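Enquirer: Sequences listed follow chains A and B, in order. Mapping the first sequence onto the working numbering, position 277 (from 1) lands on 1472, and the numbers just tick up by one. Mapping the second sequence onto the working numbering, position 120 (from 1) lands on 125, and the numbers just tick up by one.
Hints should not be assumed to be uniformly reliable.
Derived CB-CB ranges, DEER-like [what the hints assert, rightly or not]:
hint: 1; chain 1: B; residue 1: G941; chain 2: A; residue 2: P1237; range: 35 to 41 angstroms
hint: 2; chain 1: B; residue 1: K962; chain 2: A; residue 2: I1203; range: 42 to 48 angstroms
hint: 3; chain 1: A; residue 1: M1497; chain 2: B; residue 2: N984; range: 53 to 59 angstroms
Okay, derived cross-link-like pairs now, EDC-like style, lysine to aspartate or glutamate, Cα gap no bigger than 20 angstroms in a straight line [claimed, not checked]:
hint: 4; chain 1: B; residue 1: K352; chain 2: B; residue 2: D436
hint: 5; chain 1: B; residue 1: K962; chain 2: A; residue 2: E1477
hint: 6; chain 1: B; residue 1: K542; chain 2: B; residue 2: D486
hint: 7; chain 1: A; residue 1: K1403; chain 2: B; residue 2: E987
hint: 8; chain 1: B; residue 1: K540; chain 2: B; residue 2: D486
hint: 9; chain 1: B; residue 1: K293; chain 2: B; residue 2: E1014
hint: 10; chain 1: B; residue 1: K960; chain 2: A; residue 2: E1417
hint: 11; chain 1: B; residue 1: K957; chain 2: A; residue 2: E1417
hint: 12; chain 1: B; residue 1: K362; chain 2: B; residue 2: E269
hint: 13; chain 1: A; residue 1: K1403; chain 2: A; residue 2: E1477
hint: 14; chain 1: A; residue 1: K1362; chain 2: B; residue 2: D832
hint: 15; chain 1: B; residue 1: K350; chain 2: B; residue 2: E269
hint: 16; chain 1: A; residue 1: K1475; chain 2: B; residue 2: E987
hint: 17; chain 1: B; residue 1: K156; chain 2: B; residue 2: E142
It should be emphasised that the hints constitute simulated quantities derived from the structure, not laboratory data. Small disclaimer: the values here were computed from a predicted structure and weren't measured. Yeah, the Cβ is synthetic: ideal placement off N, Cα and C, and Gly gets one too.
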Amino acid sequence: MDITSKLIYALIGLLIVVNWGMLMSVTFRKIGARMAGRHGIPFRQPWVNLLKNISTRTIITHGYMYYLGPVFRLSGGIGIFLFMPMVFTGNADGLWTNFSFQGDLILILYFQVFGMLGMAMGSGEGGHPYSAMGVARGLAQHAAVELPLTIAILAIAVQFDTFSIYKIVEAQQGGFQNWVLFTNPFASAAIILAMLGALGHSPFNLVKAPNEILIGPATEYEGTYLGFMMSAGAIIHVMEAVLFMNLIFGGATSWIELIIKSFLIYFWSVFVGMVFPRFKIEQSVIWFFKWPLGFAIIGLLMASF
Amino acid sequence: MVNPIYIVAIALGVSFAIGVLNKLGRNFTGSLVLAAVSVMTFISYQWFAAFQFGEQTAKMIYTAGFMPPLSINLLMGHYEAFITLMINVIGLIGGIYMFNSLKKRGYNAQVIYLVLLMGLNVMVMTRDLFNLFVFLEISSIAIAGLILLEKGTRSMGAGFKYILATSIISGFLLLGIIFAYYFTGSLNLDDVVAANLSSIKGGALAAFMIMIAIILEIKPFPANGWGLDVYEGSDVGLSAVISGASATASFFVLYKVMDIAGVEWNYYISIIGAITFVGSNLLGIAQKNTRRMLGYSSIGQLGLLMMILGFRDILGEQTPYIAFGILISHYFAKAGLFWLSGIVKSKSLKGWSNIRKKPFFLFLMGTFIFALIGFPPFPSFFAKWTLVMELVQTGNMTWVIAILFGSMMEAVYLFRWFGYAIKGENEHLEDFKIKIHKITPVWIAAIGLYVIGYFTAQFTEVGAAINFIPLAFVGLLLAIDFLPVMIKNTIAITGMALHFYFVYPELEGDTLRLIFEGIFMVGGILALIAGYAYKGKRSGFYPVAILMYAGLTAIIEAGTTLEFFYGWELMTAGSYFLIIRGKRSMSHGLSYMLFSIGGAYALLAAFGMAHVGQDSFAMDILNTITYIPTWAYGLLIVGFLTKTAAVGLHIWLPGAHGEAESDVSPMVSAILLKAGVFGIVLTLIGMGAENNQYSELAYALGWLGAITALVGNLMAIFQEDAKRLLAYSSIGQLGYIVLGLAMMTHLGWLGGFSYVINHFLYKAVLFMTIGAVVMRVGTHNMYEMGGLIKRMPLAFLAVMIGIIALSGVPPLSGFAGKWLFYNAILDKGWYFQGAVMFFSGGLAFLYLWRLIHTVFLGQLKDNHRNVKEISIWFLIPIYTLIAGLMVFAAKPQWVLQPMGDMIAQFFPTGQLVWDGGTAISQYGYWAGSLVGVTIGASFVFVLFWLLVSTRKAHKVKQFDITYSGERPERPETTHVAYNVFEGFYQAMWIATIPMVETFWNRVTEVLHETAEFTRKIYSGNGQAYMLHIVFFILVTYLVIIGG
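Just chain A, same shape as in the assembly (with noise of 0.2 angstroms):
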């Protein structure tokens, strides 16, 4: 496929996402504002939000870096859209696989970090305190989620023998029984609970943790910034839940697959959340070292022999 036509369905790709991200955030606030008795938001609020956010006029900047933070944290989410193939059609090369050919699995693991890395430096200086507090949390618990993601993933490479994404969808065709869900129960174990953390819901949420710390990273930013910032959110939330259904639910091959396999990953992260209240972070980087670890070790340990 030529590059022109490469960019094209992928800026469409990205729309899709991009308002796919935004309808899944604003179902998940119903779907917790009925469980709590009320009515909830209305569905095009999300949209009403970035029309007003992207057109306020009393916008203030705090310099260059936090100027860029915005900037970071949307080309990191369009970034990690573009090196990930979407959709599966039995082609390396062809139609939602975007800019996949240029770097694989390990690639958009170390290019989350990119948006992530630039929005906590803007917002540092944005001199905010909950901005920095919100970020060490962040960072923190990252870390702990890294451990068991990173063995579980090695156990998927392994299992494969490649890191190539699109060869791990390839791998998993033919049924569900291919899945890796199946395959390698136990790596799988530790994905799906490692996803929690990586999702942020409650009760990994201690990054943002509404109440306490504002919104945490992004207190300090309002406007576009924050429009952008949103954007950002939605298209990173759908591009993580691709991820997990790439490695170990068996891809996607439509987008409409595709939205179901995103919106059940995204509802068992919203679900936890609903149920459990919020983890300081010692619980938290803990939690993630017990079982999510203990299931990823022994995913590797099945996967390596």
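Use these hints to put chain B onto chain A, whose structure you have.
Expert: Frame of chain A; chain B shown alone:
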């Protein structure tokens, strides 16, 4: 040629003449003594020169016109000429040093001094046993007399004990001589030897008595309390003469009489020597008094020399070379140190910190200490090298261990002392005056060491190959140390650039060496450029910095293991001085030095093993080690790991790097640590690279690397000191490199090497930037900084690029390492080592964010409102390095492809396939340049969009923040910096317990306690000392002759 009998005649003649001429004043008599010693020196020199440079053969001198055994005969051979020359030279310059103190004690003291020297000369030359006894007595009484002529009860006690001890010893000697005469009918040494005493019934006892007496003269441990009291209690000038001349003569006497006892004594002499060497040096650790400590060191060195004599059958024709090297180093160095201690006057070790008021004193003291420990370019370095090579060659590893252990102990107390001198508290110490006649001998001794060291090297083929030009350049920088920084820095940079220019053609084609030489030289030049930011003279900096680089480049250029070791030791010495220059660096300098010396000894032993069964010393003998190869490679690895600071051997690093000066930290971190990596690379190649037979060693190394990565990164998270944070980070990064190399696969090495280059680039950027910031704000503590982005935008940008590269986030160059490592781990199957490493990589985000946030982001401190951007002289090298990082990031294939070709020499299988700019491994792919374009394009796109939509953004101050309806109180209280990872610490504290430090502290304690406990045998009681001698004789008798 003047007959050597004139040495005696002149000494006696002048002594008698002084009895008559003393009315002419003590200045006159003193000068007369010196004149006499000059003539004696000349006579010895004349003979020595004739032997050394001419065709002279040994000459026997008969007295009174009779032949032995009727008369006494003297022998003037090559050794005798040399040893008497040594005695007379020290007698002469020592006499100059003691001129006033002898004068104060009267002309009798002057006469006794001359008689002492005469006695020592005859002891060396005589071939008659009774004559030997007489002159031994004469020298002993002379020493005792000189001690007793001093004022003070301490010297009185010391002199008395000395007389007591020597009289017991001479009693035994006399008995032995009588028995020997009884059995052989001759007093002539050669006749007695020819009669083969030990084969005669009862003759063994005679031999025993003679031997034990001579051995006791050398003051063996532990029967040497009397000797130590003399070193401590007497005039320092006399101590220098005892240590330099008297000990030398006793040593030579032992050499002479050993033939009487026969070869079976060799072993026992080695044992006594070893016990003395190890025991004295161990006890030296417990000493707080300078002179007593030097006494222990002297006795220890004599123990080492005794060992060498005992090994003479093993060492063969190398014996004189080795003994000479050790002896001459000890001779000059110890005399020099004693003389220095007479000038400085302070008796306690800590009191020596006032010597740095006179910087050249540090140079002198350093020269002597490094010579004693056996650093290049001193004779002891070459001698120790040869000794170890020969001993290992002949399968005597146990002795090597004893020698290296004893040397290590000696290094402990000598370098601790040196540390006090360089860095101790010296505010309340009184100054001292330097008199010309006292300092001149010290300079002569120091220069003598360098000159003789150079010639010692030339003696052997392998030593002659060493390139001394870089060292000469160090000497030049030392000579122009009075010039301002601007000039010296320019000269240093020019020198390095020229060196690189000349070396480059030799290394072309050898990518492996070129990579490291590039890091050392280009990195060195860049780090030196930052030196322009300093004002004034920066006294002493340039010689030591260049010394380190001279060592580093010598390692790369080394064609033989000796050259390698030479470079290694130069580098260690240079970096030690660089490190100890930092504030509060005393203890870090010491621990760095001790770990380095320990590591160097491991290397030395391993080089010895590599030489077994080989004729050459060429570097490639490391590829074919046959003698206990697993141990040899293990020792090499341990030796090199001390420099890469692998966990367990890392405790010196954080302090050393953290406290170093701003431009020194990058030198010792980004550059110096790579020397250890280079060593490990050589070792692993030696182990056979792809055909490696030592997989268990590599496996252990791999885990060690992984755990080092974890420990380094975890500890970095909890540092409040920015430079210590970076130092711990270096430990972690080096852990990655070690793990990568230990994998012994193509991809593992490629990963390791990409880290070598990347770590050099980004750690130099980070250390230099943070160092420059520290120079502006005056603190290392991150919580005392904050918000500096507003004052130092360029520094911030540098750190930002540095941390993104270090963290491994694409598109910067650090990702290359991460990607390669994942592939290598999958390839090798070391999943769990990999998991530990990747987890460590995740931890890096924590400390990197902490570094950039708490220093540059958040709120600015009030006292930093007016600080300026970091110096332009730091910005130049920093941005040059960043340019390098960017090139690596934009075109990774430019770096990785040639590196892959180089590694393919050793690991041909499992190479990356390059499809244009895309690297393809068996498992994955990565198009570095394209990824950069994609990320760059989306970044620019988003940025452009933001710029358009926020063009009317209102700029607000740092402190204008929304704060839930409150107003933030003060910037200081609003900046989140101190203990930021408290929550993480609560989860992880158990992993941060400094177990390694506790372990080494415990080792130190045990050593000190052992030394302290053993020291109690030296009660200071004369009777106890006599008892020691008797016990020593008894035990030796039981062991040698048997019950």
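Enquirer: Quick one, are K1403 (chain A) and E987 (chain B) close enough, alpha carbons at most 20 angstroms?
Expert: holds, 17 angstroms
Enquirer: Given the hint that K293 (chain B) pairs with E1014 (chain B), test it: the Cα-Cα distance must not exceed 20 angstroms.
Expert: Measuring from Cα to Cα gives roughly 14 angstroms; hence the hint holds.
Enquirer: Is the gap between the beta carbons of M1497 (chain A) and N984 (chain B) within 53 to 59 angstroms?
Expert: violated, 40 angstroms
Enquirer: Decide if the proposed pair is consistent with the structure: K350 (chain B) and E269 (chain B), CA atoms, cutoff 20 angstroms inclusive.
Expert: violated, 46 angstroms
Enquirer: Keeping to a limit of 20 angstroms between CA atoms, is the pair of K960 (chain B) and E1417 (chain A) held or broken?
Expert: holds, 14 angstroms
Enquirer: Given the hint that K962 (chain B) pairs with E1477 (chain A), does the C-alpha gap stay at or below 20 angstroms?
Expert: violated, 35 angstroms
Enquirer: For the pair supplied as a hint, K362 (chain B) and E269 (chain B), is the alpha-carbon distance within the 20 angstroms limit?
Expert: violated, 53 angstroms
Enquirer: CA of K542 (chain B) to CA of D486 (chain B), is that 20 angstroms or under?
Expert: With a Cα-Cα distance of about 7 angstroms, the restraint between K542 (chain B) and D486 (chain B) holds, given a limit of 20 angstroms.
Enquirer: For a C-alpha distance cap of 20 angstroms, please report whether K1362 (chain A) and D832 (chain B) respect it.
Expert: holds, 17 angstroms
Enquirer: Does D436 (chain B) lie within 20 angstroms of K352 (chain B) when you go C-alpha to C-alpha?
Expert: The given pair, whose Cα atoms are some 14 angstroms apart, holds under the 20 angstroms limit.
Enquirer: Starting from K1475 (chain A), check that the Cα of E987 (chain B) is at most 20 angstroms away, please.
Expert: holds, 11 angstroms
Enquirer: Indicate whether the distance between the beta carbons of K962 (chain B) and I1203 (chain A) respects the range 42 to 48 angstroms.
Expert: holds, 45 angstroms
In summary, the structure is inconsistent with hints 3, 5, 12, 15, 17 from the numbered list given earlier, while agreeing with the others.
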